[in-house]
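Residue numbers -21 to -1, 1 to 327, in mature numbering (1 follows the signal peptide of the UniProt record, and there is no 0), belong to the letters of the sequence shown in order.
Among the hints, a few may not be true.
Said to hold, decoys possible - Restraint ranges, calculated between C-beta atoms of paired labels, are given here:
(1) A312 to E71: 45 to 55 Å
(2) P206 to S265: 19 to 29 Å
(3) S9 to K107: 24 to 34 Å
(4) A246 to E21: 39 to 49 Å
(5) A300 to G197: 43 to 53 Å
(6) K104 to E21: 36 to 46 Å
(7) N110 to A311: 45 to 55 Å
(8) A1 to Y200: 48 to 58 Å
(9) I189 to E30: 34 to 44 Å
(10) P304 to S72: 17 to 27 Å
Unchecked claim - Calculated lysine to any residue pairs in the SDA-like style (CA-CA distance at most 20 Å, straight line):
(11) K100 to G81
(12) K100 to K78
(13) K104 to K78
(14) K78 to T157
(15) K96 to Q79
(16) K107 to L118
(17) K78 to I63
(18) K182 to V192
These are computed hints drawn from the structure, not numbers from a lab.
We put the CB at the ideal spot given by N, CA and C, even for glycine.
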Amino acid sequence: MFRRLFLASLLLTASHSAASAAIPACPALSDVSTPPHCLATEHGWFYAGSESEAAAYAEYARIVSIEFARTFARPAPFGAVVAIDSNQLLPESTKAALKQQGAHWLLAWLDTEYMRKEVEKQVRKQFKQQNPGMAPAKLNALARDFAQRSADRSDLLRHEIGHSVLKAAYWPQEAFVTDDAHYGSSAPDWLDEAAAIAMEGPKDTESRRILFVQMAAGDLYHAPLKPLDQFLGMQHPRKSDAGLPAAMRSSKNNITVGIGNLDDNAALVRMIGYYAQVRGWVDFLSDSAKPGVLGSIAESLAGGNDFEQWLSQHAAEYGLATSLPALQSQWAAWVRKGQAPGKSAPES
């Protein structure tokens, strides 16, 4: 008995050592101001200004890996997150080096402290414009408080990793390419956004579901629920809505902070409505179809088919209607039953 336990212990130790050895060390990034800390895990390399931030990046990537595999029935590729402290894109040589070393996707992510300072600066400027008589001490305190409350970007990071992982998994030839012709990848914008929204945590998931219910009831002014033939073919508002600020319609990592009444900005309402309808659509597919439906759709579309071809060829396997008009009826019935908030949020 002792020999069997001892042998099992040796095997477990050997297995753990092999698994640890299989994780490649973080490559040195010689052509950028490399963040001083990097954590290598089975999901990727995570470069940040502190050990705790690198560990947070790694944890969000781990959660995304679980959610992506559950949602798309395909493993999430190995990638990298690199913290940067400016609005500039990473050099092409950095992308090439990480790709050569084994990363299948790369996300340049604004450093938390840099982000906090930039948000505080923009908020202070806008508060001053809107309240010219406000005392400087109060102005500074409000700006600091706003920036501090904006510091938690965990849902946003999971969202952005979702975009990167989808592209690497189904359109790998585009994973290290910035293409202004598309919002994310060559995927339809709804699918690209679905991959990101499905990765979000409870806070953003719940807020989008609440907005979706308002849209379905006709209560979200400027953002009515769109029929599927429009929704599935439309461009992302950040690519198509001229009412949005130019910085919001850019593919770069611009930091744009706006303070005002949401009701006064129809374009912004349309944009958040688009995200909310994508959330509702993801929930509909999760409630109504067999697991892996989004993976099947992505694989078919990456292979050159359009969505209606996928419907006719594969929808029945997943319990969905096989034509767009019939799917619209199935979707409308689901919306009428008020099932939009039905699924629990992903792991936090």
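Cross-check of the supplied hints:
1. A312 to E71: 45 to 55 Å: Holds: the Cβ-Cβ distance is about 49 Å, inside 45 to 55 Å.
2. P206 to S265: 19 to 29 Å: Hint holds: Cβ distance 20 Å, inside 19 to 29 Å.
3. S9 to K107: 24 to 34 Å: Violated: the Cβ-Cβ distance is about 42 Å, outside 24 to 34 Å.
4. A246 to E21: 39 to 49 Å: Holds, since A246 and E21 (Cβ atoms, about 41 Å apart) stay within the stated range.
5. A300 to G197: 43 to 53 Å: violated, 24 Å
6. K104 to E21: 36 to 46 Å: For E21 against K104, whose Cβ atoms are near 43 Å apart, the range 36 to 46 Å holds.
7. N110 to A311: 45 to 55 Å: holds, 46 Å
8. A1 to Y200: 48 to 58 Å: holds, 53 Å
9. I189 to E30: 34 to 44 Å: holds, 36 Å
10. P304 to S72: 17 to 27 Å: Once the Cβ atoms are compared, 50 Å apart, the range 17 to 27 Å for S72 and P304 is violated.
11. K100 to G81: Given that 20 Å is the threshold and the Cα spacing comes to 38 Å, the pair is violated.
12. K100 to K78: violated, 35 Å
13. K104 to K78: Distance ~40 Å between K104 and K78 Cα, so the pair is violated.
14. K78 to T157: holds, 15 Å
15. K96 to Q79: Answer violated: K96 to Q79 is near 34 Å, above 20 Å.
16. K107 to L118: Satisfied, since the Cα-Cα distance of roughly 7 Å is no more than 20 Å.
17. K78 to I63: holds, 18 Å
18. K182 to V192: holds, 16 Å
When each numbered hint is compared with the structure, violations occur for hints 3, 5, 10, 11, 12, 13, 15.
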